[in-house]
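Work the whole structure out from these sequences, hints included.
Using our numbering, you'd call the opening residue of the sequence shown number 272 and step up by one each time.
Source of the hints: derived by calculation from the structure; they are not laboratory data.
It is possible that part of the hints are untrue.
Pairs of lysine-lysine residues, derived as BS3-like cross-links and limited to a Cα-Cα distance of at most 25 Å, are as follows [what the hints assert, rightly or not]:
1) Lys316 with Lys284
2) Lys316 with Lys293
3) Lys276 with Lys293
Between beta-carbon pairs, the in silico distance windows are [what the hints assert, rightly or not]:
4) Ala332 with Leu280: 38 to 46 Å
5) Glu333 with Lys293: 51 to 59 Å
6) Asp317 with Lys296: 37 to 45 Å
7) Gly285 with Ala332: 41 to 49 Å
8) Arg338 with Leu314: 17 to 25 Å
9) Leu325 with Lys296: 43 to 51 Å
Here the structure is a predicted model, which means the values were calculated and not measured.
A virtual CB, placed ideally from N, CA and C, is assigned to each residue, including glycine.
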Amino acid sequence: QTMIKQIALLESKGLIAREVSKGNKRLLELSLTPTGAATIEQLRKDTHALELELLSPLEPAEQAELRGYLFRLLDALSTTDGEGEIEEAGVFVEERRPGVQRG
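If you want it as structure tokens, here you go:
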């Protein structure tokens with residue numbers, strides 16, 4: 272039911288269109304509207320500008336290194352069980368340091 276609510280919201284904003292499939296009446300076919308495509312393009316531009324601003328204090332080599340780490344985290348997060356819980360991928364394991372006690 273949550274998916275239907277999301278689809279209805281996107282449709283009400285004019286971002287997507289839905290229609291019953293001609294091949295199978297039980298299926299809905301979704302398509303991006305021109306407004307939806309323009310919105311995605313603007314989001315891409317905004318995201319790129321923000322990324323440039325955030326990374327500007329770093330040298331190009333540092334930026335590349337950070338991107339590498341972020342992509343590794345994304346890859347690790349893609350091993351979820353569908354409920355948003357991370358499987359035993361060793362991600363975000365609390366780091367233990369000798370002599371440091373954590374409560």
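- Query: Hint by hint, which ones does this structure get wrong, listed from lowest number up?
  - Reply: 2
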